[in-house]
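**Q** Chains as they are written, first to last, in the working numbering: chain A, 1 to 165; chain B, 1 to 165; chain C, 1 to 165; chain D, 1 to 165; chain E, 1 to 165; chain F, 1 to 165; chain G, 1 to 165; chain H, 1 to 165.
Don't read these hints as lab results, they were simulated from the structure.
Keep in mind that a hint or two might mislead.
Take a look, some chain H residues computed to stay more than 10 angstroms from chain F by CB distance [claimed, not checked]:
(1) Ile44
(2) Gly108
(3) Ser133
(4) Thr155
In the BS3-like style, the derived pairs of lysine-lysine whose C-alpha atoms are separated by at most 30 angstroms in a straight line are [stated by the list, open to error]:
(5) C/Lys149 <-> A/Lys88
(6) E/Lys3 <-> F/Lys149
(7) G/Lys3 <-> D/Lys3
(8) F/Lys151 <-> C/Lys88
(9) D/Lys163 <-> D/Lys3
(10) G/Lys151 <-> D/Lys3
(11) C/Lys88 <-> C/Lys163
(12) B/Lys151 <-> B/Lys163
(13) H/Lys88 <-> A/Lys149
(14) A/Lys88 <-> C/Lys145
(15) B/Lys88 <-> B/Lys163
(16) A/Lys149 <-> A/Lys163
(17) F/Lys163 <-> C/Lys145
(18) B/Lys88 <-> B/Lys145
(19) D/Lys149 <-> B/Lys88
Away from chain D, derived, C-beta distances all over 12 angstroms, residues of chain G [stated by the list, open to error]:
(20) Ser12
(21) Leu27
(22) Glu32
(23) Lys156
(24) Thr158
(25) Lys163
All residues carry an ideal CB built from backbone N, CA and C; glycine is no exception.
Protein chains: 8
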Amino acid sequence: MNKVGIIMGSTSDLPVMEEAMRVLDVLGVGYESTVISAHRTPDIMADYATSAISRGLSVIIAGAGGAAHLPGMVAAYTALPVIGVPVKSRNSIDGWDSILSILQMPAGVPVATVALDGARNAGILAAQILATSDTQLLERIQSFKEGLKLKVANTKSTVENHKPS
Amino acid sequence: MNKVGIIMGSTSDLPVMEEAMRVLDVLGVGYESTVISAHRTPDIMADYATSAISRGLSVIIAGAGGAAHLPGMVAAYTALPVIGVPVKSRNSIDGWDSILSILQMPAGVPVATVALDGARNAGILAAQILATSDTQLLERIQSFKEGLKLKVANTKSTVENHKPS
Amino acid sequence: MNKVGIIMGSTSDLPVMEEAMRVLDVLGVGYESTVISAHRTPDIMADYATSAISRGLSVIIAGAGGAAHLPGMVAAYTALPVIGVPVKSRNSIDGWDSILSILQMPAGVPVATVALDGARNAGILAAQILATSDTQLLERIQSFKEGLKLKVANTKSTVENHKPS
Amino acid sequence: MNKVGIIMGSTSDLPVMEEAMRVLDVLGVGYESTVISAHRTPDIMADYATSAISRGLSVIIAGAGGAAHLPGMVAAYTALPVIGVPVKSRNSIDGWDSILSILQMPAGVPVATVALDGARNAGILAAQILATSDTQLLERIQSFKEGLKLKVANTKSTVENHKPS
Amino acid sequence: MNKVGIIMGSTSDLPVMEEAMRVLDVLGVGYESTVISAHRTPDIMADYATSAISRGLSVIIAGAGGAAHLPGMVAAYTALPVIGVPVKSRNSIDGWDSILSILQMPAGVPVATVALDGARNAGILAAQILATSDTQLLERIQSFKEGLKLKVANTKSTVENHKPS
Amino acid sequence: MNKVGIIMGSTSDLPVMEEAMRVLDVLGVGYESTVISAHRTPDIMADYATSAISRGLSVIIAGAGGAAHLPGMVAAYTALPVIGVPVKSRNSIDGWDSILSILQMPAGVPVATVALDGARNAGILAAQILATSDTQLLERIQSFKEGLKLKVANTKSTVENHKPS
Amino acid sequence: MNKVGIIMGSTSDLPVMEEAMRVLDVLGVGYESTVISAHRTPDIMADYATSAISRGLSVIIAGAGGAAHLPGMVAAYTALPVIGVPVKSRNSIDGWDSILSILQMPAGVPVATVALDGARNAGILAAQILATSDTQLLERIQSFKEGLKLKVANTKSTVENHKPS
Amino acid sequence: MNKVGIIMGSTSDLPVMEEAMRVLDVLGVGYESTVISAHRTPDIMADYATSAISRGLSVIIAGAGGAAHLPGMVAAYTALPVIGVPVKSRNSIDGWDSILSILQMPAGVPVATVALDGARNAGILAAQILATSDTQLLERIQSFKEGLKLKVANTKSTVENHKPS
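Turn these sequences into a full structure, and let the hints guide you.
**A** What follows is the structure, encoded as structure tokens:
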């Protein structure tokens, strides 16, 4: 069963948001994804969020740009943890609007915000949340973290042997 | 009949938002006001916005602080013009979050944003909108603007006669 | 009769500002447009704004970049609602100067500010203002909003079926 | 058993961070808390994070101000979900340094960032994470969210009956 | 004859702007001062600026806060050098709006901008401009600069002898 | 005799700074130009500024990027009016560093700051300063301003006749 | 012999800058201190910096606010390492001007910048620099760092035993 | 023996960081370099920093982008002076996150921060630090500074003879 719902405000967010899909594939976590616009399809957003628990979702990842209301409004409608991805979209002021619109939620309705365009980390965070009750997934995440170390180890010789011309 | 609906995310926004009420009183425009939180009472917000036209409202003024989603979400649910007032509330980063969350709406769903804590201007703007089909109100607004000139004229002697010590 | 006046500080603002024209065409709202510079042609600006009501205008959309004084100065000269479009022009600091110069108007003289380069929303907002006394236009705006929903519905399969490689 | 570990960079962060404790008490979630400085006690930080899983923790909440490295470094050492609270401490530039130091983590090592001084939301988020495998806790969170609605309902009469003097 | 015209958008700017008066008194430069609001009294502003040369003014100092259009609009109407003072007024976002509204003038219409609340420097700059054709004034300015050196010399012992407790 | 000295921190500033030369040529004002680095050639800077009056200069235009100390330090050494041009050079953070380093001078030592990359306005401002004692130059500046109006008049038909496709 | 020279732009910087003195006292490093203004006493600044090596100084700590040119200009005149302390003085825009004026030095002339009002760290850094050739001082710094750990250990019980009311 | 350790968070930082290597080569200072990620290889970072003194290093240069914790964490583990280079990497918000994460260190643990992408200055600063006990190196740095003057002298004719077309 898909435990993670990935939503984004526009198809133009897909190149950023697919990083969440990619890392969830790597970690063996099922997900579903769709486009929901807080401002263009508010009723669909409300339905999606209200029914999320009964449909079996455990975590929602929501990405949006500009005045990014999608993550916060989904969090308003559900008790599930919601991860927000600020997207530096074409209609964004260097990403500041997306970040502040998602991060600065009022007391009572949290959104777990990741870095600008940080969909990969959103995926990892979703897996970490699920892993709080899934020790096999926790082990896969620990292996994944070991892999990050190896990647550094494998590339550092480029720097160690570098002679500036 | 009240033509203007004034809503705010929290009772703590009242000291700012009452400036809208005050100037609408001066201009002879009826209004109603209430507290609606986009994040704490999303269903009430949706109902309010969806039924606004049928209840006889012509303009909505919405004020909120922090990740201020109220103006934009109300605009998502209604075809009425929505005026957004960024409030520099306690949980705001110098007001930047409120401003950007309200101003940077995506194409298709405008919010008429006024200055930080600019509820007085929100009230005047609401009156100007109604005055596009109400010549008597237009005249009262023009008188109001004349009054602004007089106030400058009446106070400028303080500066003209000032001798720095 | 043209109800909306669209003005901009420079011909270089046209690629941004024509979005307002385009959406007003879609919504069936007449408009006129011209170039007026607050700083280069202040007298023409004053004449334009002072005579706007008698020439039959109901709403003015003004776009400008950098130290963008055009919207606020037009608002100083007329009781009509003025919509300001901050333009991220070549001589702008990432748009912050345009936004703050237009948004932060003093109490008494509002400008209805939309997003950076948000001329499309300025057009929609102008239509919404006119629709407060034109139920047929209101219906066209409501259809337009339905169209936004359909566009999301039509494109979401791209995301739903996406498999990251 | 305490599932949530709350750490902060300095005792001066306590007035902010105790909001996390308070809401976890309300939601019936056990926690432990201590002071760990990334820069003054890096070894203790490494030990705390490395042993967190074996000590039975499921979520870590870390709050810090200025160049706030504590949340990100703890996330470097553990596979548990880490929630970061940017604190607007005395040595912070309006909170921007705290926010960016916590939010902008590189791909591979997420921190779930909440609003500036948003410790209350950090506590709720921790509970939401634990509730992904604890339906009773989920119900308590849902009741808590209902309580937020009631609070709005109970206070809105202040605004509805307000007459600006 | 008064060579310098000092104007400000509001009497509330006087505590900042009187520093210009004070230093012009010290340097023996005549000035006149009044309140002119770009947004509330645009016609008076246009008259003031258009007639400035014929009334004998040589330099204009204009101070304003928020969306500060006064300096730039005066510069639009006159060929005299205009010095702009961004004022951190109550309705300003930490002064950023005042600074950018005054500084970022388009090519063709300069405003000589000084620091936030920097009216004292505006006065000195006005004197420096007049001194380009007044050698006695130039000498007074040079003496004034010598005085600045002396002030440092007279106070430095406080620091040189300081023993932190 | 050349009345205006144009200096810049690096030859890489020339594409920006030559706009000052160009407009001074148009206005018939003589100038000299050179490269002086506050940080690389501080002694040459001190000599240049200290001897500026005796060499016949009346105004200095100084452009620099990044931590732009050239305008302020030149102003420290001379009683002449100094115009500062913040340059958005390669080593600048979107120009903010250049702007703040030039604008925020302490009381006593003004720099007349123009817009980011606003060298053209620096040239016009220099001419305006000289024109306070040169009525023929003042007339040329007034003609120049008339030319700005004509340019708007000549291009506005592009916008007036525009039909968005 | 005093190895560290501490200078500041104004006596008003003393409450910030004395933290450098205090920590150098703790670490047993001799220093001298005085007031030097880059803009008011540029010649004294040039003399101070040019003669610093011959007077036996090894490190210079320079603190200033606003358009803070003192650290960078001192670095222009000497080959000694210069530590810059951005001071959030009265004439500063939340410290951003001080930070950027000191930090963003051009290639060739570094300033070792510490945090806003971070004079204590400037003192420690000066000691660390001297300790590169003084093993006894290095040991004192290491003891000092151990002391930081102890301070955390001694205060953490406040947090560990805290019960939010 | 190599006295300077150059580390960076990722091989992608090499194009920026090699400027430090290049200038150290020019100044005749030995260095070693490698990749260490605070977040991906925290244990290697701790080992590197803890053993730095015993391995003979005297100064560490650390460059990183985004939430740049490497310089500050290395400073936490060693008493050596640490120079931080904020890198405007792909995952950085115009460099603001890198700058603030490195600069705003808490009292007790300094990082000597240089300009954004300022690795060349980091190299010079490292040499200046070593030169506090190496008069020959000090002379080479003084020659280097003379060379900066010559470069200005050699290029200024481009500007002096420039005729804008």
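**Q** Which numbered hints turn out to be false for this structure?
**A** 4, 7, 9, 11, 15, 23, 24 and 25
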